[in-house]
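Student: Sequence:
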Amino acid sequence: MRESVENEYLCLALARALGMKVPEATLIRAGAMRALAVERFDRCWSRDRSRLIRLPQEDFCQALGLPSSTKYESDGGPGIAEIMQLLMGSSNAIEDRYHFMMFQVFQWLIGATDGHAKNFSLFIERGGSYRLTPFYDVISAYPVLGGTGLNKRALKLAMGLRASKGKKTEIDKIFPRHFFATAKSVNFDSGSLQQIFDFFIRAFPPAVIAVRDALPAGFPQHIADAIFSHSLIMLERLRQKD
Numbered sequence: 001m002r003e004s005v006e007n008e009y010l011c012l013a014l015a016r017a018l019g020m021k022v023p024e025a026t027l028i029r030a031g032a033m034r035a036l037a038v039e040r041f042d043r044c045w046s047r048d049r050s051r052l053i054r055l056p057q058e059d060f061c062q063a064l065g066l067p068s069s070t071k072y073e074s075d076g077g078p079g080i081a082e083i084m085q086l087l088m089g090s091s092n093a094i095e096d097r098y099h100f101m102m103f104q105v106f107q108w109l110i111g112a113t114d115g116h117a118k119n120f121s122l123f124i125e126r127g128g129s130y131r132l133t134p135f136y137d138v139i140s141a142y143p144v145l146g147g148t149g150l151n152k153r154a155l156k157l158a159m160g161l162r163a164s165k166g167k168k169t170e171i172d173k174i175f176p177r178h179f180f181a182t183a184k185s186v187n188f189d190s191g192s193l194q195q196i197f198d199f200f201i202r203a204f205p206p207a208v209i210a211v212r213d214a215l216p217a218g219f220p221q222h223i224a225d226a227i228f229s230h231s232l233i234m235l236e237r238l239r240q241k242d
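Per full-length UniProt numbering, the very first residue in the sequence shown carries number 1; after that it's consecutive.
Hints may contain errors.
Said to hold, decoys possible - Below, in silico cross-link-like pairs of lysine-lysine (DSS-like), each with a Cα-Cα straight-line distance of 27 Å or less: (1) K184 <-> K165; (2) K118 <-> K156; (3) K152 <-> K71; (4) K184 <-> K173; (5) K165 <-> K71; (6) K152 <-> K173; (7) K71 <-> K118; (8) K21 <-> K71; (9) K156 <-> K21; (10) K167 <-> K118; (11) K156 <-> K71; (12) K156 <-> K184; (13) K152 <-> K167.
As the list claims (entries may be wrong) - Pairwise CB distance ranges (calculated): (14) W45 <-> D137: 34 to 44 Å; (15) R239 <-> I28: 35 to 45 Å; (16) D48 <-> R126: 15 to 25 Å; (17) S192 <-> D172: 24 to 34 Å; (18) L232 <-> G191: 20 to 30 Å; (19) G89 <-> G191: 15 to 25 Å; (20) S46 <-> E170: 19 to 29 Å; (21) G89 <-> D225: 35 to 45 Å; (22) P220 <-> M88: 38 to 48 Å; (23) G65 <-> D172: 30 to 40 Å; (24) D225 <-> R54: 34 to 44 Å; (25) S68 <-> M88: 19 to 29 Å.
Since the hints were derived computationally from the structure, they do not count as laboratory data. Cβ coordinates follow ideal geometry from the N, Cα and C atoms, glycine included.
My request is simple: use the sequences and hints to build the entire structure.
Tutor: Structure representation (structure tokens):
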């Protein structure tokens, strides 16, 4: 995807403005190229700050013993149900399950179509316990819509939501009822899901303004316009409560 560096920068900035756990990221120049410098959340300093220590982690394909070739649910990989089930055993289960469901709504809002199982990970802790890592690799498909690009009706989430028949993946065909059906199927409280919806309804518009106002000079305006405008259109569906 062209201009994916700026795209990911904006998506991470928007998630951060909403209080989600994502790594810090900075746009930099590497010679003639523009690059994204992303904080390594799988590293930490030793107590004397003399060396960097790797924090063990596994993505959800690894954690479930699946090959990377099955990272997409459409290829037989894990979906929301399998990940929410595994998070039941997290050392921070209630918060991790809440944040994972919140991030599914966020991906739908911003048109992030690549949220497959290898783009979610677990910190492996002492004694065999584990917990969810920050979210990463977030890119919106909205900037490539129109013209010779994609049609919005063609955009699909990597992990489907429960529908009356099978699963719903098409972003433009997903409504709050599909999130509620999914929440019910994974024993996630409907009141908590409504709380997530209410949070986005309240916090998303000011977060858009804050991120837009803080974009660095020379940032491609069409990327920001596409992501913000389409996301705000999708946000209206949360108000409909259909």
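Student: Starting from the hint list further up, note which numbers the structure goes against and sort them upward.
Tutor: Numbers 14 and 20 - these are the hints that the structure violates, sorted from lowest upward.
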